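Whenever a hint applies, use it, and build me the whole structure from the sequences.
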Amino acid sequence: MSDALQSARIHLAELREELAAATLAGLADHPAYSADLQEEMEQARVAYTAAAVSEIAAFRAQISGPQVG
718 MSDALQSARI HLAELREELA AATLAGLADH PAYSADLQEE MEQARVAYTA
768 AAVSEIAAFR AQISGPQVG
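Everything in the sequence shown is counted per our numbering, starting at 718 for the first residue and increasing by one.
Please keep in mind that the hints were generated in silico from the structure rather than gathered at the bench.
Keep in mind it's a predicted model, so treat the numbers as computed, not measured.
Cβ atoms here follow ideal geometry from the backbone N, Cα and C, with glycine treated the same way.
It is possible that part of the hints are untrue.
[Stated by the list, open to error] What follows is a list of derived Cβ distance ranges for each label pair:
#, residue 1, residue 2, range
1, Q723, Q779, 16 to 26 Å
2, Q784, S719, 12 to 22 Å
3, P748, Q779, 38 to 48 Å
4, A749, F776, 35 to 45 Å
5, I780, E756, 33 to 43 Å
6, S751, A775, 14 to 24 Å
Now the structure itself:
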């Protein structure tokens with residue numbers, strides 16, 4: 718697993734833990750906090766997906782050569 722993929726996965730997991738803690742603390746219903754956290758989680762999901770797709774493409778290129786054309 719690449720450093721970028723590992724970092725993105727860890728960041729997303731930390732945000733999920735933050736959401737769980739916020740829910741227990743009663744902060745998940747706070748509109749501004751909830752919106753900010755949801756936005757950050759969406760950005761983290763996009764980053765994780767992009768890193769995973771890039772890693773898959775790099776692995777595929779190692780196995781069968783890069784895609785051209």
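Against the structure, the hints come out as follows:
{"no.": "1", "hint": "Q723 to Q779: 16 to 26 Å", "in the structure": "holds, 18 Å"}
{"no.": "2", "hint": "Q784 to S719: 12 to 22 Å", "in the structure": "holds, 19 Å"}
{"no.": "3", "hint": "P748 to Q779: 38 to 48 Å", "in the structure": "holds, 47 Å"}
{"no.": "4", "hint": "A749 to F776: 35 to 45 Å", "in the structure": "holds, 41 Å"}
{"no.": "5", "hint": "I780 to E756: 33 to 43 Å", "in the structure": "holds, 37 Å"}
{"no.": "6", "hint": "S751 to A775: 14 to 24 Å", "in the structure": "violated, 36 Å"}
When each numbered hint is compared with the structure, a violation occurs for hint 6 only.
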